[in-house]
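Take a look at the letters that make up each chain.
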Amino acid sequence: MQPVKRVSSKTVVIASSNIDTDQIIPARFLTTTTKQGLGKQLFADWRYAKDGSPIPEFVLNRPEARAAQILVAGRNFGCGSSREHAPWALLDFGFRAVISTEIADIFRGNSLKNGLLPIVVDEQTSRWLLDHPGADVDIDLEATRLTLPTGAAVLFPIEAFARHCLLNGIDELGYLRSKLESIERYEAALA
Amino acid sequence: MSARTLFDKVWAAHEVVAETPDTPAVLYIDLHLIHEVTSPQAFSVLKSLGLPVRRPDRTLATMDHSTPTNTDQVFGKVPIKVDAAARQVRQLEINAAEFGIELFGMRDERRGIVHVISPELGCTQPGMTIVCGDSHTSTHGAFGALAFGIGTTEVGHVFATQSLLQRKPKTFAVNVEGRLRPGVTAKDLILAIIGKIGVSGGTGYVLEYRGSTIRALSMDERMTVCNMSIEAGARAGMIAADEVTFDYLKKTPRAPKGKEWDSALAHWRTLNTDPGAAFNASVDIDASQIEPMITYGTNPGMAVPIGGAIPDTVGDEVFDKALRYMGFHNGEGMLGKPVNVVFIGSCTNGRLEDLQAAARILKGRVVAPGVHLLIVPGSQQIKQQAEDSGLAEIFRAAGADWRESGCSMCLGMNGDTVAAGQYSISTSNRNFEGRQGVGARTLLVSPLTAAASAVKGRITDPRELM
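Residue numbers (this note's numbering), protein chains in the order written: chain P, 186 to 376; chain C, 664 to 1129.
Derived by calculation from the structure, the hints in this document are not laboratory data.
Note that the structure is predicted; figures quoted are calculated from it, not measured.
Every residue gets a Cβ at the ideal spot worked out from N, C-alpha and C, and that includes glycine.
It cannot be assumed that every hint is accurate.
Said to hold, decoys possible - In silico DMTMM-like cross-links for lysine to aspartate or glutamate, where the CA-CA straight-line distance does not exceed 25 Å:
no., chain 1, residue 1, chain 2, residue 2
1, P, LYS190, P, GLU327
2, C, LYS1026, C, GLU1016
3, C, LYS831, P, GLU372
4, C, LYS913, C, ASP1064
5, C, LYS859, C, GLU980
6, P, LYS220, P, GLU357
7, P, LYS225, P, ASP277
8, C, LYS920, C, ASP947
9, C, LYS744, P, ASP230
10, P, LYS220, C, GLU761
11, C, LYS833, P, GLU357
12, C, LYS914, C, GLU1016
13, C, LYS913, C, ASP1051
14, C, LYS859, C, GLU995
15, C, LYS744, P, GLU327
16, C, LYS1026, C, GLU980
17, C, LYS859, C, ASP979
18, P, LYS364, C, ASP925
19, C, LYS710, P, ASP307
20, C, LYS672, P, GLU327
21, C, LYS672, P, GLU366
22, P, LYS235, C, GLU1016
23, C, LYS984, P, GLU372
24, C, LYS984, P, ASP236
25, C, LYS833, C, ASP937
26, C, LYS710, P, GLU357
27, C, LYS833, P, ASP236
As the list claims (entries may be wrong) - Every beta carbon over 12 Å from chain C, so not counted as near; a handful from chain P, in silico:
no., residue
28, GLN187
29, THR219
30, LYS225
31, VAL244
32, ASN246
33, GLN254
34, VAL339
With the hints as extra help, turn the sequences into a complete structure.
What follows is the structure, given as structure tokens:
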């Protein structure tokens, strides 16, 4: 895995709260057996008309969205299904971080394992970000600090081990496999 | 030792390595359930690393999500209509064979929705840790197991190590007292609980459902409650095992037998929250006040009593957007609204008692003209039981479309979908935009309310027909 240390980019805002993973990628696209290419289907039902043509007003279809790496969303982002296709689709589109006041548990874990930063901020910071789409935001994972173009900076919480793995490009499976002796001892005690 | 919760006990018994500020715990997984949709990419990772599935004996595979429910497609008379789904099914057959995993495949009489078959086979047992690449894994908590949904990367972790890296969640007591009134079901109870704590109220917590109301529920009902824990944001919900649990398990083929049963039972009886044990949060629910519930919006927290009205909320963009999607207006009553499709099934309400409840309403009645009633059993075994006990005949006589088991119309990825703009009265768990098909409008209810609404062709309080 590539290390992730910093994400600096303009933001894209989708202000709705409780955006569930069925919106991020509808179930009918989960018949794939790979992780690649899901960016096309990201927010498919909000993004495309019935005939498959892009809806020009939807933010992900606007030219400025193509280069954006940071998605700002309303409260409780990523709720619902455990499908890892949700972070895969966001990453494939080009996002590297999601910012909300609250991020659902399973989605958060899935994101961290794929190098998508789930950033939880306070109400005030969130409000500012929601009101300023296209803002230049800097996320420094080493310092766990998010900086707004106003110069205001806030610290964000992130699980220590996931942060360590992201900063150093460590695959969690490798770490878990280094515990196999302990796992074997545990199993021996069960028997 | 100080007083501990049920969750604390199950967690502690599975800690291979305890957590530290810098590292999560290594948590041992007793049972890993897999299905065709969230496993292929995890198998690919194993193949690329040249690793085996470490404990195939603790892994169980079935197919449910993208599989058709049409009898001819299931039994191979005609090909599976959705090509990609057919490939996914085939891929699971190949992977299960290659890695030595037991598979309840397409034509196996034990196949069904993963969260229905594991309990009915007796694979789900008190005190276990159970995971699956599916958020409704919380269902198995009804047996006093710690069961939660995981992503595909974690499916790979469990394949390779039979363990997961986990931070210990907080605990949340949901205390439910009082008797549910006639016509009010476990589904109404959990919708009322979600309405009270909110769709993210459980984030970061494991819920424990407690109190006299919970103790009085059957196992099928307890599974309905635990199933929807995730709709409150909680990865897991648990109910301590008791005589109801043990009676259920004793009749299952894979529960321990003889002496092993006795020793398992002695252990299971210790898996209770100790008196005085502290929870990080709690809520009290008066079950006697709950009415049959129905959702009106686009998340499961947007629910009201069936005789009630949509809240008259003003100036909330998200609320307005949900109502626009549903084609509803602030302050409108729910009774009498139109119905196009009725779906009875899913891992929430596709068990035998759910079908029995629907049959109580449907017996001697017929589905209203223009309404499509789809009834999908949670497993092939339940299908057979419904055939043997006459339920299936009641459904057919009522004009219902009676199918093979699977996730079906709960998530519209297997050919069973609701058309854009149509109203679907559904016993499933999610009323998200487009969940049952692009533009589909889903209203979540109990099997009683679903059946009553099918008969009347409009949203109906089931007590009118009882």
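Open item on the list: Holds or violated: P:LYS220 and C:GLU761, Cα atoms, limit 25 Å.
Closed with: It holds: about 21 Å lies between the C-alpha atoms, which stays within 25 Å.
TODO: Please work out if C:LYS913 and C:ASP1051 have their alpha carbons no farther apart than 25 Å.
DONE: Satisfied, since the Cα-Cα distance of roughly 22 Å is no more than 25 Å.
- [ ] Could you grab the alpha-carbon distance between C:LYS833 and C:ASP937 and see if it respects the 25 Å cut-off?
- [x] holds (17 Å)
TODO: Confirm or reject the statement that P:VAL244 sits farther than 12 Å, beta carbon to beta carbon, from all of chain C.
DONE: holds (15 Å)
Task: Given hint P:GLU372 paired with C:LYS831 - CA-CA distance at most 25 Å - done: It holds: about 21 Å lies between the C-alpha atoms, which stays within 25 Å.
- [ ] With 12 Å as the threshold, tell me whether P:GLN187 passes as away from chain C on beta-carbon distances.
- [x] Label holds. Min Cβ-Cβ 15 Å, cutoff 12 Å.
Open item on the list: Checking one constraint from the list: CA of C:LYS984 to CA of P:ASP236, max 25 Å. Satisfied?
Closed with: holds (22 Å)
Open item on the list: Check the hint pairing P:LYS190 with P:GLU327 against an upper bound of 25 Å on the C-alpha distance.
Closed with: holds (6 Å)
TODO: Assess, step by step, whether the Cα of C:LYS1026 is no farther than 25 Å from the Cα of C:GLU1016, and give holds or violated.
DONE: holds (15 Å)
Task: Minimum Cβ distance from P:GLN254 to chain C greater than 12 Å, as the annotation requires - done: holds (21 Å)
Open item on the list: Checking one constraint from the list: CA of C:LYS859 to CA of C:ASP979, max 25 Å. Satisfied?
Closed with: holds (19 Å)
- [ ] Starting from P:LYS364, check that the Cα of C:ASP925 is at most 25 Å away, please.
- [x] violated (33 Å)
Hints 4, 8, 15, 16, 18, 19, 20, 22, 23, 27 and 29 from the earlier list are contradicted by this structure; the remaining hints agree with it.
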